[in-house]
Each structure stands twice: as structure tokens, then as C-alpha cells.
Amino acid sequence: MGARTGLDSRYIRRFSRTERWLHWIHAAAFFVLLGSGLILYLPSLSAAVGRRPFVKDVHFDTALAWGAALALLVLFGDRAGLRRTARELDAFDSDDLLWLRRIPRPQGRFNAGQKLNAALTAAFALLFAVSGLLLWYGERDNRFRFAGTIVLHDGLMYISLVLLVGHLYLSLIHPATRHALRGMTLGSVDRHWALRHHEKWVRDE
Amino acid sequence: MTSVDTPGDDPRRYGRAAFLGVVATGLSSLLWAEPAWRLIAQPLMNALPPSLFPNGWRIYTVASSMPSFDPATWRLRIDGLVDRPVTLNYGQLLNLPRAEQVSDFHCVTGWSVQHVHWAGVRFRDLLAAAGPHAGATALTFTSAERPYVDTLDLKQAGLADAMLAYEMDGLPLQREHGAPVRVVIPEMYGYKNVKWVERITVTATPETGYWEQRGYDKDAWVGRSNGSG
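Sequence lines, in order, name chains R and U.
Each number in the working numbering corresponds to the 1-based position in the first sequence with 1448 added.
Each number in the working numbering corresponds to the 1-based position in the second sequence with 878 added.
By construction, these hints were calculated from the structure, which means they are not laboratory data.
Backbone N, C-alpha and C fix where the C-beta goes; we use that ideal spot for every residue, glycine too.
Please note that a few of the clues may not be correct.
As the list claims (entries may be wrong) - Where chain R lies over chain U, by a calculated footprint (3+ residues, C-beta under 8 Å):
{"hint": "1", "segment": "900-913"}
{"hint": "2", "segment": "935-946"}
{"hint": "3", "segment": "987-1000"}
Said to hold, decoys possible - Quick list of the computed label-pair ranges, beta carbon to beta carbon:
{"hint": "4", "chain 1": "R", "residue 1": "Arg1468", "chain 2": "U", "residue 2": "Trp1099", "range": "26 to 34 Å"}
{"hint": "5", "chain 1": "R", "residue 1": "Leu1609", "chain 2": "U", "residue 2": "Asp1047", "range": "26 to 34 Å"}
{"hint": "6", "chain 1": "R", "residue 1": "Leu1616", "chain 2": "U", "residue 2": "Arg916", "range": "28 to 36 Å"}
{"hint": "7", "chain 1": "U", "residue 1": "Asn933", "chain 2": "R", "residue 2": "Phe1479", "range": "19 to 27 Å"}
{"hint": "8", "chain 1": "R", "residue 1": "Val1522", "chain 2": "U", "residue 2": "Asn933", "range": "37 to 45 Å"}
{"hint": "9", "chain 1": "U", "residue 1": "Gln920", "chain 2": "R", "residue 2": "Val1522", "range": "34 to 42 Å"}
{"hint": "10", "chain 1": "R", "residue 1": "Leu1482", "chain 2": "U", "residue 2": "Arg962", "range": "47 to 55 Å"}
{"hint": "11", "chain 1": "R", "residue 1": "Phe1479", "chain 2": "U", "residue 2": "Gly1013", "range": "56 to 64 Å"}
{"hint": "12", "chain 1": "U", "residue 1": "Asp1039", "chain 2": "R", "residue 2": "Thr1633", "range": "54 to 62 Å"}
{"hint": "13", "chain 1": "U", "residue 1": "Leu922", "chain 2": "R", "residue 2": "Phe1502", "range": "30 to 38 Å"}
{"hint": "14", "chain 1": "U", "residue 1": "Leu909", "chain 2": "R", "residue 2": "Ile1607", "range": "14 to 22 Å"}
{"hint": "15", "chain 1": "R", "residue 1": "Leu1609", "chain 2": "U", "residue 2": "Asn967", "range": "38 to 46 Å"}
{"hint": "16", "chain 1": "R", "residue 1": "Arg1458", "chain 2": "U", "residue 2": "Asn933", "range": "49 to 57 Å"}
{"hint": "17", "chain 1": "R", "residue 1": "Ile1607", "chain 2": "U", "residue 2": "Asn933", "range": "45 to 53 Å"}
Looking at chain U on its own, in the form it has when it is part of the complex:
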């Protein structure tokens, strides 16, 4: 006998009703939570301190520690199939023609951040001094976060809104976002947007990136790759 029943009192099974109701709501939210979140919660989150509420960004890393940036010693090397291998320090990089854009950022795992303000250098301006050879087809971006690496072909890198970015939302690129420079290519998922870039190698054939070695698509078009579209 349970002790809750009092004579003449017919208990209602509200416990399981509450349980099943919450489970059903939660499971169905796999389908509606994301648009609802974008509509209601994200504008709210953007107004809150990002250290407590990560206004949409998730920080994914693959190595045991996050690279840290020292402006005095940092160098960007551009080599491979080029006339003149180039090594830029941070100041020299900032002196290259500056480009700005506002674009959305999409992660393959499903989250997005809208209207990110980037500033940086277009790849043709970046590569101009090095002079890629006629047979070059692709760029390999080596991250200071070993062993992360990924590639873009020259056509992709030449898209009007692809850049090597050194500013985000009006501030120098923060450490967790890839300080001092990262690739930005809004048409492709985040894993192609290599962070902590320290070397760009011009190649004749595209290499296989870190996540592509693990089954993700080489051409990571947003909405048209990795099983969607």
C-alpha cells in the first residue's frame, strides 16, 4: 500500500504526465529550438557579457593548449609554389590593404553567429608580394594549434568576402577566436575558417584538412555539404 492514498481519494497520475510532457517538449525542440532561439534568445544574449553568456560562439580546439599570441615574435610565413617566400610580422600584416565586411558565421554542428564585423586582408593582397606560380591551385593554412590544418582552392580564397582577418567586432582578434589572424570564408562552415594561422603554403593540389581526414567534406559550403542540401 502506498501512503498517499486517503480513503475515497482517487489520486491522479500527474507525476508521469509532467515527466512525459517535459520529455515530449524537449524532444520536439530538436526541431523548433534553433529558430526559436534565434528569434527570441540570441538578441538578448548579445546584450549580456560574453564571458558568462557566449553570444553564440563556441570555442572548438583540438590541441591540449590554446596558442597564445606575442606581437613581438609572431610571424606569418607564405611559401610553397611562389616566386619569393615571404615572412610578415604583425605590423607588416596590418599595413597591407585593409578590407572590412559584415558576414554570418556557421558551424557545421548547427550553431551560427550573425552579423560578425571582420577586418583583415584579402588573399590576393596577401599573396601579391610572394607571387604564386602559374601551376598553383590551392592554399594550405597551418595553424599554431598543431596538428590543425585546412585548405582552400584559389577560387574559394578569391571569393569577394574571403579574407585573413585580424579584427572581429571592432577589436583585435581575441585569443579564443584565433589571435592574431584567422581565415574567414562565410560561405563555408567554420572548420575551413582556420584559426591561429602561422603559415600559408601555396600548393599544386589541395591537401586534406584536419576534419576532412575525419570524414568531413573538403568543400564545406554552408547548406550544401556534410549531408545537408
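In isolation and in its complexed conformation, chain R is listed as follows:
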């Protein structure tokens, strides 16, 4: 970030275009997969909607589109930036460890909770994909049919729902954190808010 005019110094850039695409690809795919998945899963919705083969296609094709979109993003997006972000998310310094024990410490661009959430989200994405592919392929080759596949896929869904509610609360409602939403839509956040919540990052910029 070079010299700033008075106008844009009110905001500080937090997320690149590639990072925001990564987030919204996941968000969009998650909602379509959740909706179609619940229709396949809940007997009351299955009976009300019917058209199971169609809903199954929607669910499966959305998963493929999600994977393809991620591949395209990695191919054409800012790969070096993603690698830098991954390193940031990976590293927990002593302030992060204290923060996790609820001791207020200055945080970087991501606080320690966000780092854990990112690790969890990435792991869940992979596990959703693996268990989903096993559900699909196990119908075709029973050597890939495991008793736990369904339980894993459903369990991930239940935990993700809880995480999603927390995520939406923090990003849309909670007064102290909802300013972060601007970072994921427009890319930048209020500088004063950032200084309070992500002090080390703002100081380093």
C-alpha cells in the first residue's frame, strides 16, 4: 500500500480479490449443497419436494462446480497471495496462544480464532468432498462403501450448521465484529476498527 489520500486512508485493504472469490465460492456452494442436501436427507422435505433424481443431480453437480471453481481460482488467481495467506493462517505466535486463553493480546490480520476457523473450514471442505465422492462412487463399486461414510457426511453437515450460525452472527450482528463484513465484500475495512481488533497487522502495513 503506497501513499494514501485522506479519503482512502479511512479504510485499509484486508482481502484481495482472490481471497474474496475463495470465500464466496465456498459460501455459494455451501448454501446450494445444504439446501439440496437437506431435501435429500430430511424425510419431510423429501416427501414435499419429490424429484429426488433431479435434486441429487443438483447436489452432485454443485459439488463438481465448486471443485472446478476452486481449481480455476488457483489457476488464474493470485497464487502467491494465497500461499502467503496460508502461511499467515498456519502460524500461531505467543500472542495468539494467549488470545485463545481469553487474554487480550494484539492480533495480526487474522486473530487466533479466525486461524482455527480457517483450518477447520479447509479440513471440513476436504472431508465433505471425500465422503461425498465415496457416497457417489460406493453406489457403483462396493469396495468403496464404508459404514461410516453417511455418518461422516451428515456429522460434518450438523457441525457446519453450528459453525455457520456462529459465523453469520459474528459477521452480520455482533457489534464488535460485524465491521469485518466490509472486508469480505469490498475488500477493505475501517482503519480504526482494524487498529482495535488487528493491531499488529495495521502497524505493519
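Dock chain U against chain R, hints included.
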């Protein structure tokens, strides 16, 4: 340079540790999740409203809409190699000798529901009026959910706990479970337990069922077919 490092501070790679830990737990759960689920979660789920938590059942259908049941117009036809083809309405079906049982239900995809309470008609009572011919060996069950069809041979249909069920867990069979009648044969995987049955045809040779045309075993014994046992 990343911005998280402060001088003299050696950051720990907990992000990847958390990621790998969750992935490893998740992948290993392919082996332990099902028994753990049965032990811990399923009793809990059974106490919750089934519309939000599908106490174990998954509803699989193959057609674009789920058949709906109208007691006034519904008929069950029994024909094929019989002395007298029979058409039963819902009331006549309920008047046949009633049988009850508690049995487990297993799906070939890996889920099970235990202790399901069924009420219905044994196949020999159902077929008695029609009178199958001496050369008959099998029954074809045609579902109102076209093109779903499956078969049992007469020996399988004669098992002590095989029935055409019209009640489940004390209620008339619900729409998603095959209202008004479905086949129940607990020894075999769910795909042999045809739902929304509207026609039973007595045949000389077993026909090939919907999933059997797609590679599944004709004799779908639980634990001894479709690649297990």
C-alpha cells in the same frame, strides 16, 4: 515477510496441525463412526422430531415425484400365474389376517434402523384367495413409483418375518415409507423392500429388479451380498 512474526517470537505451525488433525479424525471415522453413532447418537435422535432429525431413515426414490395414496381409489392387483386374479381395495386388505413384528431394517448403503414395529399381511394369507399355480416360483412387486420393481422368490416371501406392511411404528404407513403398503423382508437390504406396491404378479421365473438391472445382487441377504460377507 509475513506480518505475524514479531522479533524473537517463534510461531508454531498450529494451523496445519489443526487441519491435519481434523482430516485424520474425519477419515478414520469412516471406520468407527457408524458403531459410535449407533451407540451414542441414535438413541438421542429417536427422541427428537423425525421431521428435523430423520431418526435413521433415508428416503430414496427414483422417480420425479413421490406417489400419493388415496384410500378411495387405491387398489392392489394380484395376478399372473394364479387361478383367480384378485383386486383388493384398502379396506379389504386391512381385513386380511393381521401380523405384527419388530425387526431391523438395513440399507445396502450402510444405514440401519433398529426395532421397527411393523403390522401387515403375510404373503401366504395375501395370496390365498388368488391361488398361485403349481409352477409359480416368484413374485414381482410393481411400485406406483415407476419404473421401480423388484422380486422375491416364493421361499423368500414365505419367510416367517416377510410381509406386506401397512403400519409402521403404530401408524398407518407414511407416504415417504411407501403408503399404503410396502414389502418388508428384514433379512434383505432395503431395495428388496418395495414401497408403494400396487401390483403383485406371480411368475414362473424371477424378473430382474430395478437395482438389480444396475448391478446389485438379486438375493440381497443382509451381510451376505453386494460385496460383503
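Checklist entry - Which earlier hints can't be squared with this structure? => result As far as the earlier hints go, 4 and 17 are violated by this structure, in ascending order.
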